[in-house]
Structures are given as structure tokens and as C-alpha cells.
Amino acid sequence: MGKHDDKFMFRVYSGIVIFIVLVAAIGPFLCTADPYNSNMANSLLAPSADHWFGTDKLGRDCFTRIIYGARVSLSMTIATVVIMSCVGTLIGIISGYCGGWIEMVLMRFTDMMMAFPGIVLAIAIAGVLGGSVVNTVLALAIVGWTKYARLGRSLTIKLKHSEFIAAAVTNGTKPFPLLYRHIVPNIFPLVVVTAAMDIGSMIMEIAGLSFLGFGAQPPTAEWGLMLNEGRQVLQTAPWAMIFPGLAILFVVATFNLWGDALRDIMDPSKSA
Amino acid sequence: MMISSKLKKGITAALAVGMTTMMLVGCGGGGDKKAAGDSKTLKFGVTNFADTLEPTQNYFAWVVMRYGMGETLVKFDEKMRSTPWLAESWQVSDDHLTWTFKIRDNVKFSNGNPVTAEAVKKSFERVFEKQNRAKTFFEYTEMKAEGQVLTITTKKPVATLPGQLADPLWLVVDVTAEKDRDFAKQGPICTGPYMCESFTRDKAVMKKNPNYWGGPNKVEVPFETVEIPSIDDPNTRAMALQSGEVDMAVNIAAGDIGLFRNNDKFHVDEISSLRDVLARVNQRPDHILSDKKVREALICALDRKNYNEVVLKGTFKEGSAPVPPSLDFGFDQIKNPDAYNVERANKLLDEAGWKDTDGDGIRDKDGKPLSLDFVVYNSRAELPIYAEASQADAKKVGIDIKIKTVDYNLLDKMGINGEYDLLISNITTAATGDPQSFLKGYWYSNPDGGNPQNGSGYSNPQYDALWDQLEGEFDPAKRRDLIIQLQQIIMDDSATIIYGYPITNLISSTKIKGAIMHPSDYYWLTDTIAPAK
Numbered sequence: 001m002g003k004h005d006d007k008f009m010f011r012v013y014s015g016i017v018i019f020i021v022l023v024a025a026i027g028p029f030l031c032t033a034d035p036y037n038s039n040m041a042n043s044l045l046a047p048s049a050d051h052w053f054g055t056d057k058l059g060r061d062c063f064t065r066i067i068y069g070a071r072v073s074l075s076m077t078i079a080t081v082v083i084m085s086c087v088g089t090l091i092g093i094i095s096g097y098c099g100g101w102i103e104m105v106l107m108r109f110t111d112m113m114m115a116f117p118g119i120v121l122a123i124a125i126a127g128v129l130g131g132s133v134v135n136t137v138l139a140l141a142i143v144g145w146t147k148y149a150r151l152g153r154s155l156t157i158k159l160k161h162s163e164f165i166a167a168a169v170t171n172g173t174k175p176f177p178l179l180y181r182h183i184v185p186n187i188f189p190l191v192v193v194t195a196a197m198d199i200g201s202m203i204m205e206i207a208g209l210s211f212l213g214f215g216a217q218p219p220t221a222e223w224g225l226m227l228n229e230g231r232q233v234l235q236t237a238p239w240a241m242i243f244p245g246l247a248i249l250f251v252v253a254t255f256n257l258w259g260d261a262l263r264d265i266m267d268p269s270k271s272a
Numbered sequence: 273m274m275i276s277s278k279l280k281k282g283i284t285a286a287l288a289v290g291m292t293t294m295m296l297v298g299c300g301g302g303g304d305k306k307a308a309g310d311s312k313t314l315k316f317g318v319t320n321f322a323d324t325l326e327p328t329q330n331y332f333a334w335v336v337m338r339y340g341m342g343e344t345l346v347k348f349d350e351k352m353r354s355t356p357w358l359a360e361s362w363q364v365s366d367d368h369l370t371w372t373f374k375i376r377d378n379v380k381f382s383n384g385n386p387v388t389a390e391a392v393k394k395s396f397e398r399v400f401e402k403q404n405r406a407k408t409f410f411e412y413t414e415m416k417a418e419g420q421v422l423t424i425t426t427k428k429p430v431a432t433l434p435g436q437l438a439d440p441l442w443l444v445v446d447v448t449a450e451k452d453r454d455f456a457k458q459g460p461i462c463t464g465p466y467m468c469e470s471f472t473r474d475k476a477v478m479k480k481n482p483n484y485w486g487g488p489n490k491v492e493v494p495f496e497t498v499e500i501p502s503i504d505d506p507n508t509r510a511m512a513l514q515s516g517e518v519d520m521a522v523n524i525a526a527g528d529i530g531l532f533r534n535n536d537k538f539h540v541d542e543i544s545s546l547r548d549v550l551a552r553v554n555q556r557p558d559h560i561l562s563d564k565k566v567r568e569a570l571i572c573a574l575d576r577k578n579y580n581e582v583v584l585k586g587t588f589k590e591g592s593a594p595v596p597p598s599l600d601f602g603f604d605q606i607k608n609p610d611a612y613n614v615e616r617a618n619k620l621l622d623e624a625g626w627k628d629t630d631g632d633g634i635r636d637k638d639g640k641p642l643s644l645d646f647v648v649y650n651s652r653a654e655l656p657i658y659a660e661a662s663q664a665d666a667k668k669v670g671i672d673i674k675i676k677t678v679d680y681n682l683l684d685k686m687g688i689n690g691e692y693d694l695l696i697s698n699i700t701t702a703a704t705g706d707p708q709s710f711l712k713g714y715w716y717s718n719p720d721g722g723n724p725q726n727g728s729g730y731s732n733p734q735y736d737a738l739w740d741q742l743e744g745e746f747d748p749a750k751r752r753d754l755i756i757q758l759q760q761i762i763m764d765d766s767a768t769i770i771y772g773y774p775i776t777n778l779i780s781s782t783k784i785k786g787a788i789m790h791p792s793d794y795y796w797l798t799d800t801i802a803p804a805k
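Protein sequence lines, in the order shown, are assigned to chains A and B. With the numbering used here, the residue at position 107 of the first sequence is 107, and numbering never jumps. With the numbering used here, the residue at position 4 of the second sequence is 276, and numbering never jumps.
Don't read these hints as lab results, they were simulated from the structure. Be careful, since some hints might not be right.
As the list claims (entries may be wrong) - Stretches of chain A that chain B covers, calculated by requiring three or more beta carbons in the stretch to come under 8 Å of a beta carbon on chain B:
no.	segment
1	39-52
2	98-105
3	214-224
What the hints assert, rightly or not - Some residues of chain B that are not near chain A, with every Cβ distance over 10 Å (derived):
no.	residue
4	Lys312
5	Glu411
6	Lys480
7	Glu492
8	Tyr579
9	Lys667
10	Lys712
Ideal placement from N, C-alpha and C gives every residue a C-beta, glycine not left out.
Just chain B, with the same shape it has in the complex (with noise of 0.2 Å):
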């Protein structure tokens, strides 16, 4: 009796454990029973970072698009290009200034109202208002509705209007809804194949647009209902996927993705993305880093084949130069002059003047140590992963690398602050289907703040001299050699680490068909994506 009374707390221990096990398998093996299965309800689970569904706050734009509700004037196919979609086609006058959109005249808004020039001028005028990015994109003289031509005459030449216009923030809106709309909490009158029903930051429902015009395949809206639940945890939204709980779901991590492949159940949609990941480099004159040696040295030393391919199970493509292989702009002519190896770094090192005196596996000079901050958020799991393999690959030539997790609003203070020696992020390369503003934001020389995302204080005449060429060139082979040539100068430079690229990936049951995954990850719930029978 004082023995099992004593050995309470440990077979309470062992119970609580035994129990949590329980649970994860019971997650894992998955019934039917609360699948959803029926033909006119789809379950969708996703990662959402939207607080309300006004399109031109933040970048929720993006979410109205991605739910199926938005819909803009052109739309990126699975190769960047833009093609037509509400608007039926487009051309530009000879002083590259006049833009003429024709916009379909079939087009309702999803309360019945036609979609005229007209509406689309006030949509953009509205973004105009209430967004300042708006301004990044393209900046107006005049714009002009007649019937369904519109007309929009920039300040400067914008070579890649059609693309910018492609990005959600110009998804067009009813603004005469708006009225007696709250589009914050009840989500903007759009065209697309999807209207809101309701929505929270935790779950949306989308019902089906009435009105809807059926696209340029001029299909049916499959399903009545679409439920959409935010599971921002990986992990988690892999188990409900399993479960049946969720129908599909979007980007399913390297830890889980073998659970999918080559499983019937199943069906991996996967694509490489336009986005990378990468560490930015800081060069400031008061930073290790602003010897070059040091840097290809860092570069050479990482194994960024292993990164990818095994440790993250080729979720991500092994990254070399800045613009992702998903893009047609000279990946493979581009050359690495840092490729992976030891014997370089340790070589470059030596050279740099960083030896071990003291003997404790780390390089020092003039009794400071070779140690590196490496800023790092958690709430993409591959940034971590990322990070202590460098720090393990780092340390065997001598280099400390010293993790710092951060929270995502705070990284991005940091990286315009220049605190850190190496931030790494995964960001998007090609928003507009061009990688002009990319090859802006980390690079071109930010002597005064006017370029405040690069804080890293890496500055090179000759880069932002191209740069500038490359802003006003109109024509397509002369604007890829340019940022090839752009590219080229940032590996010449060692002045970026690029990581990867992810491969994004939808994953859905069997149950139902046409959930296709593009390179731009604006294009999620679409119609195609119907009941399998």
C-alpha cells in the first residue's frame, strides 16, 4: 500500500505521456467521420496573417485574392507572363507613357453590378487614397474611362505596367458597395468565383458569387461552400490533412511532406516559387563582415547542396544566384564564384588574417573572436533549420556563429537598423513577374535612407548605375541581359548568402481535382478546383 501510494506521481507522469501520445496518433490515424468529404463543401486549410479583409490595408490584398474573392485586370501564368483577365487585352502608345486597357464587358460584380472602366478607375483610385505602396507600383498623369477602355497615363515610363497591375493590391473592388459594406469585417464586393460569408482571423467562409462570370474558361463555381481555417502551424495542418479535416492545404514542411508522397490519398502538387531564401550580409565598415575574404570564406564554407536536399528533403532548391530558376533570367549562365568549399574558406581565412591563438576551435585577430550574430524568425521552419546548419558548418573553419530568434515585426526594424551580421528571410523575388524592385530593395546603395531596406551597407556604383538603366529599358532581351548582369555583381560581391528557393507545394485529397499550385503565391483557391466527381 506505501508503495503504490508513493509511486503515484510516476505512474501519473507515465500516464500523462502514455495519453499525449495517444492523442498525436489519434490525430494522425484519422477517421471519416467528421471528413468533409460532400461534394458542395470544400475545407481548406491554410496560413493566413490577415486581420481583416480590407484589400488595401497591409498586404491583405493578397488574402482576398488567395480565398478566391479578387480578381485584377491581368494575372501571371504558371511561367510569370501576364496574361489577360479582366481586362481582355492591353497595349501601350509609342512614347511608352499611355496605357490602353479593354476590359471584358461579361464581367458583374458579385452583387450583380458590370464591371465598366468606370469601376475600375474608382477601385484604383481608392488604392491610390488609402495606400501609400500604391505609389511604388506606377504614378498616374491621368486615367480615363470610356465605356470599357481605360486609359492610364503615367509620370514615367513603366515598363512592366501589366505585371504591376497583376500584384492584389489592384484586385478590383464595387466601391459604390461600400456604402452599406463593411469591407474590413465583411470582405470587399469582388468578381471572383467566391464571395465572403464571414470572417475572422481564425477562419473565413466563402459561398458561392451568384454572379460570377466564369472566368476565362467560362466554368461553373464547383462548390456551394468553401471553409477555410487558418492553421498556421505546420505540423498541425499536416495532421488535419490526414485527419480529413481539411480537404487540401498549402505548404506542407519538409518534416511532413513524405507523409504525402506516393500516398493514393493524396495528391503533391509542387512548384518551385519565385521566392528565396536569404541571408543578408552586413558590410559596414564596423562589421566583420566588410572584408571581403571573410565573406567568401562564410559563403564557401556552407554546404547549401546538404541544406537543401537532405536535411530539408528537397522542399527547397539549392540556392546560388539572387533570382530564383522558377524565372527566366539567366540562372544558369550566372556564376557562383563561391561554391561550397572547406579548403578555400579556411585558406581565405588565413589570409584575412583570422587565426586560433587560444585554441578554442574559434579564429580570432587582435583578441577578438570570429563570432557572427545571426538574426533568425521562427515562424517560417525552415529560417531555424537554416541557421544551426550554418552555425554547425561555420564552426568547423573556425567561425562562431551566434543564433538570435527574433519576432518577424522586430527582423524587419533590424535589418533596416543594420543590427546583426547576418539576417536571414524568406522573401518574394518577382511580385510583379519582374525582378526589378527585388533587385532594388537589398542592393542599390542607400547612402542617405532613401533605400532603406538596405541597411546593409553594401554600395556599388557600377550596380546602381545598371539599376538605373534597367528602370527605364523597355525592351525584354535588353532588360534580361541587365539583370543578369545585375545578378553577377552580387555574387562577385559575396554580398548576399543565398540559401534556397522553396518549392511551394498544395496538397489535396483525392477526393477532389484541379488544386494546381503556382509560382506566385497569389492564386489559391481558383475554380478549377472542383470535386473529383
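So here's chain A without its partners, still in its complex pose (with noise of 0.2 Å):
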């Protein structure tokens, strides 16, 4: 029963990622405000029928704004974990497969980037990068393949050891078809999942740079970065924090329920 549950809630979520999906896709085409367009005799208007979330400081519509914002979110995110997921699988198996000085190196390597505190390094990063959008993605990425290699190298040890893959090598099969067709494959599904997870704490990461200053600079329309602007206003202008804010949470917690559901779906333990 719980298989059917389980299949049932991921369906909910991903029909949920997919209207996000689809909103930082099309939405910018459906809006008809500019996000950039300031008026500012209409500066921190209360939410009204022309204005569903009230305008900023600046008097920028900010629902435009934040439907433009999980466009920028969205693609930040999907940048950051495929970097750093692409990055980080790659010397996970590089290392799992070759084994001996190389492994060491590679490992010990990772060993020490993990020894840093992720989002106090991320900030040091973008700190002296200069805060701009592609920095931020740089950032995050640095900080976050260590876990992917980790993962890579010992779903590729463990492969490295079963039948198959010596039946192969009996074969003949050389080192990179071997890699190509048999170990990528394989690991590929954990990866995914593992990626899936961490789109919600990403998005999270990238807007709490934003929001320190570090990522996306003004007037990006980036969710962290109008909470940063909403801060000054808090008490007399409360929408333009409590918006932006919402937006985070929705999405947030969304991708980490679909990345639970998927999870869930992909356990083998649970398919029995």
C-alpha cells in the first residue's frame, strides 16, 4: 500500500514543480508590467487590484517581480546543481575507478573542502568574486560537489566489485566504455535523486547570498535580494517582505517533498 501512496503524493508534487516550471517559463510573457519599470511616485503602494503584492521602494509592481524571480531562482538553482553534480560524480568515479595515489589526492582534496562550513565558505567565495548572479553559481557549486564525489566513488567501488562489471573486463571491454555504458548508468538514478534533493536547499543558499548582498545585484528581480529591500520597510510596508518570502517557501518546500516523493519511489528496500 505504501508504494501506491507513495506514487500517488510524488504525482501531487511534480504536477506542483511543473506549474513552478511553468510559471518561470511563460510567466514572464503573461505578465504585462515591466519588473524594471520604476515609478516612483508610486512608491510602496499597499496590495490592491492593480497591484496584487504592492510595489517597492522604487514602485516596481512586485508581483511582476516575483514572477520574474523564479525565473532567475529556478535557473540559478538548476545551474548550481548540475555543476556541481556533473563535477563532483566525475571525481567521485575518476577516483572510485583509477584507485591508488589518484584516489588519495582526490579524496583528501575533498576531505579538506568538507572540513569548511558550506555557506560561511560560499560567502567568502562570492565575497571575493564579486557579488553578480554567475558568482553566486560558482560559489554554491565549489562548496557543494564534495558531497557528489563522496557518493560517486563509492557507488563506483561497490559496482567495481560485482560480476557483471568483471564480466565485462573478461570481455575485453576497455576502461571507457566501461565507464561509459556500465558505471554511469548505474550510478546515474542516485545521483538524480540526490540532485533533486538539494534544488530546495539551493534555492534557499542562492537567496540567502542574495539577501546578504552577494548574489544577484539590484535591480535584479531575485526573491533573497527583495527581501534584502523589504527589510528596511518591514514595519510599514510589510508585502514587500512577506511576498518574496512566501515565494521561497512555496518553492522550497515543494522541490523538497518531490525530492522526498522521489526518493520514496526509487528505493529499492521499498519495492519489495
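Join these two chains into a complex; the hints should help.
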């Protein structure tokens, strides 16, 4: 019965995820307002029929900015997750497959990177590189790949000792096709599940860096940046902070639940 | 059961948001339980930049004065005129070189030692010994002390000497007390109504000075203890005031001031300050803004009235001339050739050859986009707002502004090295009651690094000549006239963007009275601040 529930919830969450992605992809074409068009006479208007989520300090429409922000946040997040999972997994596979001194060097380097507290290191890197969308993605990817390296390595080592790999080697399969045809496809599902579960926390970290001024720079419509701009008027114009906050909450919670559901249906221990 | 366990993450997230909201609301709602309230202790929320209380270090003397410890010979009144403080009177000789100050004979340091001319002289010598900046105020050939009479003979005539001596750097300390007291950590021995009990960067505690001379109005020190927490974030400061954690606070920002205006629990004292928010404009030959037409166009494109009155909720006055209207240097008679006019901005840019040939909304010329670097620092809340508002307005005429946020210390260096197109800062124009040195800083020619503050490459021989004339002029009417001419040159050359003039505020609970903001931001905690009853 558990399996049916899992599948049902996974479909529900996938539906919401698709909705969010659609909003990010086509939302900007549906919005009539320009998220960067400021009309200072409309500074900090309360939510109304004209401005569903109110306006910010420069009189820009918050609803439009949040819709555009979905695109910025999601594309940054996906770029980060793709970069760190690919790079990390590749390093993991190489060290797991080659073994010896290559493994030692790569894994000690991974350990070293893991010794730093993640977000602090990301702030330092983003701070040194200077705040921008690209640098934020880089900073988070530099901090986040280690988990995938560990995962990739342990899965590769496990596979290396399995019988079908031994059979392939005996049949004369060369190392590269072996990795490409046998190891990568077997590792892939677990990496994807891990990456899916990372999306939520990456959205948070990107928003966090922007909130602190190390991520997206004004006038970019980015949720973390909007939160920081709204912070100064928290008591007099709370909508400038509440709606970007709710957007982050909604998207992060959805992606976390979706990641969990994906894990549950892929979990071999439950399929029995 | 399955569902509830999987929803856990979502619910946890929702709870976190809920609790954060409650926490913030809790701060705002505020009960009286931790209020200072009692009439013996005052709590005062401030911003603080000082690491120590050594008055000759950096600009830390400002803090010594703001916290009610240090006093100078001369004090500025609400119109920035020099009035007697520790000095009773002063006069200058006919050759404009020798100044005689008569020191009041009833003033004592907080340790009971009398303030004699000799003590003042020792204190001044200590400043010259420890702080290089002292020489930029005046240089002396002789300083003589006889009883209560101090005579200072300067190298060159210094027209504004009394005003110079009102700068906190010249607050009078008891040099003889230094041998068994660490001024930096324990605070100097001065003459003000309060003396230092303890000091850290985060919090200072002041005690009543038992030997206080009473000030010019002969008053008792109103509070036994003053606690001064440093609350650098303006939103937090506003919340501390709302919750009763502090009885008064300085510089509540635009976003929060509405909570205190028209609120019968608070008294808002606002005054147009001596400060400018201005953007230096880099005019070096290799920069886009070396073209005067582009400078004019940029300034015309900025709707400064809106920034100050609407976006900043009137906590700033609309900028125009370099010297703010709080000082009487011809604000109303200086013409502003670059008033807000989008049409003119577009026309000027067309004339200068900047056209949008690739249709991306940004003008370009010879394949180069009209893109400017706008350097800003965040510790003053209004600066990023001006920067973003300018970015939005400039885009409307096809100018791309890239905002670069840097640390304040870096900003200073970038200003000197000219590493910017536009660089915004909030600066004081008349630290000594007179804008003479301000008018040198960003505009007097700097061909060989002799005037490092001018990193913009701006140079106008006529301006330099007028400033030199101002330096040697003693007649107030002629000085005023020269200062007006200097400002008009800056305006006509479109040399600088003057965004606005801050209106500073001091907001106090109605439980106390007498909390008044002065135009010069040296006098915060004074002997007039007392319990309301």
C-alpha cells in the first residue's frame, strides 16, 4: 500500500513542480507590467487590484518581480545543481575507478573542502569574486560538489567489485566504454535523486547569498534580494518582504517534498 | 501516517516562518517590562564607529563629544555660529595672526582639577603630537598660557579659527590625568556632564560627573547613569525604541520614521543637517563622463525631487547646490542648470553622439555601450536607494548604470584612485561651521597628488583662484560671496551630482524631555536631556 501512496504523492508534487517551472518559463510572457520599470510616484503602495502584491520602494510591481524572480532563482539553482553534481560525480568516479594515489589525492582534497562550513565558504568565495549571478552559482558549486564526489566514489567501488563488471572486463571491454556503458548508467539514478533533494536547499542558499548582498545585484528581480530591500520597510510596508518570503517558502517546500517523494519511489528497499 | 511524516519538512518550514514573524512582531509590540523608565537612568540607542575613546585617534573624538564627555572652547549654535563654551570670549589681533581666548574660571575636569589656560594648552599640544590631521586646522608659531588667558599665534591668518576649535578633535582633556588612566579604554578626563564608567564598541555606560561646571545655563546633571548601546542597524534601532529598550535613538531611517511621527508616545526632533549625499563624477579623459554633455544629460535625467520626497519619505531634502540650505551660503540664489528634464537629457545624448544602434535600449558609440560604474557602500541605508533610483531613471534615457557595492574603507581608496564613474557618499560639508575645506576636497585641482581627495580629474583654474582668495579672506560678507561663486562654478561645470541633504533626527520617548538634534552632529547627549517629570 505504501508504494501506491508514494506514487500518488509523487504525482501531486510533480504537478506542483511542473506548475512552478511553467510559471518561470512562460510567466514573464503573461505579465503585462515590466519588473524593472520604476515609477517612483507609486513607491510602496499596498496590495490592490492594480498591484496584487503591492509595489516596492521604487514603485515596481512586486507580483511581476516575483514571477520574474522564479525564472532567476530556478535557472540559478538548476545551473548550480547540474554543475556540482556533474563535477562531483565525475571526480568521484575517477577516484573510485582508478584507486591508488589518484584516489588519495582527490579524496583528501574533497575532505579538505568538506572541512569548511559550507555557507561561510560560499560567502567568502562570492565576496572575493564580487557579487553577481554567475559568481553565486560558482561559489555554491565550489562548496557543494564534495557530497557527489563521495557518493560517486563509493558507488563506483561497489560496482567495480560486482560480477557483471568483472564479466565485462573479462570480455575485453576497455576502461572508457566500461565507465560509459556500465558504471555511469548504474550510478545515474542515485545521483539524480540526490540532486533533486538538493534543489530546495540550493534555492535557499542562493536567496540567502543575495539577501546578504553577495548574490544577485540590483535591479535584478531575485527573491533574496527583494527580501533584503523589503527589510528596511518591514514595519511600514510588510508586503515588500512577505510575498518574496512566501514565494521562497512555497518553492522550497515543494521541491523538498518532491525530492523526498522521488527518493521514496526509487528506494529499492521499499519495492519488495 | 505516511503523509504526515512526509509533510514534516513542509510543516517545519512553515513553523519556522511563523515563529520568525512572531519574533519580529514581538519586538515591535513591546511591553514595558524591560523599559528603562526610571528617572535616574537614561538609555540611548546610537550608531558608533569608535573602537576606543582616545580622542586623538581617527575621528573617535566625535564619540567622546556625542556621549556627553568632551567639551571644546567653542560650540556651534543651531545656526552654526560660534558661541562660547569653555572659553568665555575671544578676539583676534589686527594682523589676524594672534587669537586670545579667555577661559572660564569656574570649570573643573571631572577629577576636580581646575581648567586653566595651561591645561588647555597642554591638551592642544597633545593633539598636535598625536594626530597629523591637527595641522590641517591651523599651524601655530606660539601658544602662551597665563592664568585663564590662552594666546595662539598662527603661522598664516586663519579666518575661521574659533570654528575650527569647535571640532571635537579639540576637546579639552586633563593631560596630567593620563599617567594613571588609559584614555583609550577608560575614557579621557574631560569637562562634560557625564564621564565614562565603561566602554566597548558595543556599549558604553556613562556616569554623572560630580564636578560638572553646569554649562553656560548652570544646570544640574539630570541622570545618574546613561547607558548607550550601539545599535548600528537602523531597523533594529527603531524596534528598540518602540519596545522601550531605549528612551531615545538617533537617525531613524525613512522606512521606519512613519511609526514615530504623529505618535503621542514619541517626540521626533528633525533638523536639516550639514551633510550632503553626493556622487563624485569621474571626468578623467579616458572616462565617458569627461564629456560635459553626457554629464549634463545624466544629471538632468535624475528625478531627485522624487527620490527625496517620495522614495525616502522626506527624510532628505532635494539636492541642488553643494552647500546645504541649513547654512547661509546663498542656497536660493545659486542657479541649477541641470534641473530634471528627460527631454533635454535625450537631446544632449543625441548631440554627444550616443545612439542606440543595436536596439538593446542602451545607447552606444563606436561599438561601446553607454555604461557607467556606480560605486556605493551599504552602511548608510539611503545610498543604495539613490543608486538604484538613478539606475532606473538613467535607463529611461538609455544609460546603463552598474551598481558596485563595496566596503567603506575600500570606497575611500577607490575615490582617491579614481576607480569609478560615479561614487556616492554621505559627507559633512561644514565640520568647522564653514564650507571652506569641503569646497577644496573634491574640486580643487589635483595635478600632482597634492589634493588627494579630488580623484575625479576635475580641474578649473578659475575655481582654484577663487578658492585661494577665500582662504585668505577674513571679511564674512566677502567670504560668503566667494563661496557662492565657487558653488556656481561647480554647478555650471556639472561637476558633481548633489542628490540630497539628510534631515537628521533624534527621536525620544515622551518620558524624557529636551532631546534636541543640532545641525552639526557633535552634540547628542547633553545636559538639557532630562526626565519629563
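Now for the hints, and whether the structure bears them out:
1. 39-52: holds (count 3)
2. 98-105: violated (count 0)
3. 214-224: Holds, because 3 residues of the segment 214-224 of chain A bring their Cβ atoms closer than 8 Å to Cβ atoms of chain B.
4. Lys312: The claim holds: Lys312 of chain B sits with its nearest Cβ about 31 Å from chain A, beyond 10 Å.
5. Glu411: holds, 43 Å
6. Lys480: About 35 Å separates Lys480 of chain B from the closest Cβ of chain A, which puts it past 10 Å; holds.
7. Glu492: Correct as stated: the minimum Cβ-Cβ distance to chain A is 38 Å, above 10 Å.
8. Tyr579: violated, 7 Å
9. Lys667: violated, 7 Å
10. Lys712: Holds: least Cβ distance 33 Å, greater than 10 Å.
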